[in-house]
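Asker: Following the hints, position chain B against chain A.
Protein chains: 2
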Amino acid sequence: MGEKTTMSDKVSFTVVPEGTVTTPKGFRAGGLHCGLKKTERYDLGAILCDVPASAAGVYTLNAFQAAPLRVTQESIAHSGKLQAMIVNSGNANACTGQQGEDDARAMRAASAKALGVAEHHVGVTSTGVIGELLPMSKVLSGIEQLPAKVKADGGEDFCQAILTTDLVQKMTCVRVVVGGKEVHIAGAAKGSGMIHPNMATMLGFMTTDVAIESEYLQLLLSRITDSTFNMITVDGDTSTNDMVVVMASGLAGGDSLHPGHPDWEAFAAGFQYVGEYLAKAIARDGEGATKLIETTVIGAESDDAARKIVKSIIGSSLVKSAVYGADANWGRIIAAVGYSGQPVNVNTVDIRLGDIAVLEQSRPVKFDEEAALAYLKTDTIQIHVNLHMGEGKATGWGCDLTYDYVRINAAYRT
Amino acid sequence: MGEKTTMSDKVSFTVVPEGTVTTPKGFRAGGLHCGLKKTERYDLGAILCDVPASAAGVYTLNAFQAAPLRVTQESIAHSGKLQAMIVNSGNANACTGQQGEDDARAMRAASAKALGVAEHHVGVTSTGVIGELLPMSKVLSGIEQLPAKVKADGGEDFCQAILTTDLVQKMTCVRVVVGGKEVHIAGAAKGSGMIHPNMATMLGFMTTDVAIESEYLQLLLSRITDSTFNMITVDGDTSTNDMVVVMASGLAGGDSLHPGHPDWEAFAAGFQYVGEYLAKAIARDGEGATKLIETTVIGAESDDAARKIVKSIIGSSLVKSAVYGADANWGRIIAAVGYSGQPVNVNTVDIRLGDIAVLEQSRPVKFDEEAALAYLKTDTIQIHVNLHMGEGKATGWGCDLTYDYVRINAAYRT
Chain A
1 MGEKTTMSDK VSFTVVPEGT VTTPKGFRAG GLHCGLKKTE RYDLGAILCD VPASAAGVYT
61 LNAFQAAPLR VTQESIAHSG KLQAMIVNSG NANACTGQQG EDDARAMRAA SAKALGVAEH
121 HVGVTSTGVI GELLPMSKVL SGIEQLPAKV KADGGEDFCQ AILTTDLVQK MTCVRVVVGG
181 KEVHIAGAAK GSGMIHPNMA TMLGFMTTDV AIESEYLQLL LSRITDSTFN MITVDGDTST
241 NDMVVVMASG LAGGDSLHPG HPDWEAFAAG FQYVGEYLAK AIARDGEGAT KLIETTVIGA
301 ESDDAARKIV KSIIGSSLVK SAVYGADANW GRIIAAVGYS GQPVNVNTVD IRLGDIAVLE
361 QSRPVKFDEE AALAYLKTDT IQIHVNLHMG EGKATGWGCD LTYDYVRINA AYRT
Chain B
1 MGEKTTMSDK VSFTVVPEGT VTTPKGFRAG GLHCGLKKTE RYDLGAILCD VPASAAGVYT
61 LNAFQAAPLR VTQESIAHSG KLQAMIVNSG NANACTGQQG EDDARAMRAA SAKALGVAEH
121 HVGVTSTGVI GELLPMSKVL SGIEQLPAKV KADGGEDFCQ AILTTDLVQK MTCVRVVVGG
181 KEVHIAGAAK GSGMIHPNMA TMLGFMTTDV AIESEYLQLL LSRITDSTFN MITVDGDTST
241 NDMVVVMASG LAGGDSLHPG HPDWEAFAAG FQYVGEYLAK AIARDGEGAT KLIETTVIGA
301 ESDDAARKIV KSIIGSSLVK SAVYGADANW GRIIAAVGYS GQPVNVNTVD IRLGDIAVLE
361 QSRPVKFDEE AALAYLKTDT IQIHVNLHMG EGKATGWGCD LTYDYVRINA AYRT
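Chains as they are written, first to last, in this note's numbering: chain A, 1 to 414; chain B, 1 to 414.
Chain A with its partners taken away, still in its complex shape (with noise of 0.2 Å):
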């Protein structure tokens, strides 16, 4: 934490130790806990900006979007602005007909008169059971009470307000230099289980105090999402609350960030970070987990060959279970690329586990059994496969099939 991570010779950001969504200037956050969930965890929070901030935002492609995702995208369409966040957890407003538009609307109105911002400026979002309608009373009686919780250190409170079933919170922040000024770039997650992202990941929420336009926000979000929240997956399942939204504010001061601006990169490369900062956490805590599996595909025919290839072998159950027995079944591994639906060349083959060869040339390797059993017993998992047939590449993470995750959603509505 802290050093710098330099990408290139021209492209560097630094990871700020304890950052969260209020690290970036003008931000404010908070959650608290108004009755949606049966413990007395928090269920409510809000990221609230001194200013309307520039928003973009990245929606599941599940035909069943949620009621509040429909209700932000209409805000962000009015001026590309959004000044606050509010998201509940505990109940997702998903398949809740018309009952549940008008009430993702009526939580936007109540909180916009609550924090005294225009309607147009708030996104509402949701994450947990589906098919049930919000309690709206106790829904409005918690945004009664955000002017209160919303606060420049409230960035772990609005944490602990998105998480259901995650054990963890996920959040980071990096530190990039724009035009000679300091600017920060901040996320914060939540994730578990249904995560398999089509667009969008569970929920994410990102916040920079960058100057930008929301037109340049939204090519950055959307250029990271294929290569950090869709790339991950828990169970296979794709939410139909999936969500990212970024909030600029500009009030670090200085250039307004476009494209053609000299540390576009630099931006861009901290916003990379982020982003896969928050995929990996969310792969690494999902339901049950207790292994992040990142899987690296080489010399497929395309990228997007590579991007099926590493979601066939992370998606696979039987990878999984192995991985999480420890057991090196690469047999496994190979079925999945066998099954991607990509070219392959059958005959030029090569899986490494981390530094392991066990296939060259489709051949099995001897390897070390022991050693192998070591590695598979640490807590991050990396599969490395080289097809041999051009140049497309892609990684992304899942994690460990485990009986948590049974135990945990053979009972999750009682």
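If you're looking for bench data, these hints aren't it; they were derived computationally from the structure. Fair warning: there could be bad hints in the mix.
Claimed, not checked - Partner residues aside, some chain A positions facing chain B, computed with beta carbon under 7 Å:
| no. | residue |
| --- | --- |
| 1 | C95 |
| 2 | Q98 |
| 3 | V177 |
| 4 | G180 |
| 5 | S316 |
| 6 | S321 |
| 7 | G331 |
| 8 | A335 |
| 9 | Y339 |
None of these values were measured; they are calculated from a predicted model. The beta carbon of each residue, even a glycine, is placed where N, CA and C say it ideally should be.
Answerer: Structure of chain B alone, referenced to chain A:
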């Protein structure tokens, strides 16, 4: 068992209690232990026909198709006939390179010699661990013992020989009248894990004594595969070794069957029944499974859309975990419909669990939670989805996701 199953006024067949792959005239079968499995269970089996039988097969679309599948296809391509199918369990002979191909050929040659049939009338197949070479001395000495083991009442022994982590034998037999003569159609299968067939399922063996050219047999097999073997999933992992082979001895006497024959549809119905029976048996005996999940989608835009939606539902780890936990969590079902990538009208979806309506026109129905719990504790769970969009329909089968699935697969090789 044994009762007349009428498909329509003109199409009927009779289930033969305790029928096996040797019930059709001309077939013998057997199994033995040659040392591929660590315990004393059978691991080598054969089906032998008195005459070269018309043959047809369907094979996995996994790019890493195992060596024996290529050898079997080569045999069938020679003259459309097979007289013997040899199978070993405990080792898949997949991803084993040129040596694996040589071993599959050696298995075929040795079997032809031992059983006294032409080499191009022998098919071979393997199931078990991927990426390890077959211990050929064990296989070859087992093959030498096969002639003494292959007998008219050896259908159950054969069934034992093809199992890996399966808990139960899977076989059935029906009787159909073709041109005034009774003919039989029988089948045996193994399944369990790495079950998400694409073109065929794990291993299926069908025998019949009807007279039929191999091209018509292939027509029938391909026709039923899409609605039976290809409509099951245990874990979404498509194996390198999936194969279904059917052999027709013609020894029942009587007409040679062809698509214009008056009894073609009756035979096809019996054939379909055997395929569906085996497919359901594989799904119910999925690794760790405690329940069969039968999912039917109607009202889709097309049959193809319905099939994809069915597979999205039965493939969802969250739906599978909820069924294990007897949790009527229809939100996960509708989420799986939504991420299937198929056209859906988000306002017109009905969902029933057995007879219990939980969603109507996309609106939650107040249902009796206790009745739902009681239903979800039974061993066959039916999920019905009506999209109210068109005439497309499909049915598929899966199983619940349990602690035991994880336990079995966390240490399969070891």
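Asker: Would the hint on G331(A) be counted as holding, given a Cβ-Cβ threshold of 7 Å to chain B?
Answerer: This interface hint holds because 3 Å falls under the 7 Å limit.
Asker: Identify whether the interface hint at A335(A) stands, where standing means a beta carbon of chain B within less than 7 Å of its own.
Answerer: Where the cut-off is 7 Å and the nearest Cβ of chain B is about 5 Å from A335(A), the hint holds.
Asker: Is the hint on G180(A) kept, meaning its closest Cβ partner in chain B is under 7 Å away?
Answerer: Violated - the Cβ of G180(A) stays beyond 7 Å from chain B, reaching only about 46 Å at its closest.
Asker: With chain B as the partner, please determine if Y339(A) meets the hint condition of a C-beta pair closer than 7 Å.
Answerer: holds (4 Å)
Asker: Hold the hint about V177(A) up to the distance rule: shortest CB distance to chain B must be less than 7 Å.
Answerer: This interface hint is violated because 41 Å lies over the 7 Å limit.
Asker: For the hint on S321(A), does the least C-beta distance to chain B fall short of 7 Å?
Answerer: Holds - the Cβ of S321(A) comes within 7 Å of chain B, reaching about 3 Å at its closest.
Asker: Hint check: is the beta carbon of C95(A) less than 7 Å from a beta carbon of chain B?
Answerer: Hint holds; C95(A) Cβ to chain B Cβ min 5 Å, cut 7 Å.
Asker: Checking hints one by one. Is S316(A) an interface residue toward chain B, by the C-beta closer than 7 Å rule?
Answerer: holds (5 Å)
Asker: A closest beta-carbon separation below 7 Å is what the hint needs, so does Q98(A) meet it against chain B?
Answerer: This hint is violated: Q98(A) lies away from chain B, its Cβ roughly 9 Å from the closest one there, beyond 7 Å.
Hints 2, 3, 4 from the earlier list are contradicted by this structure; the remaining hints agree with it.
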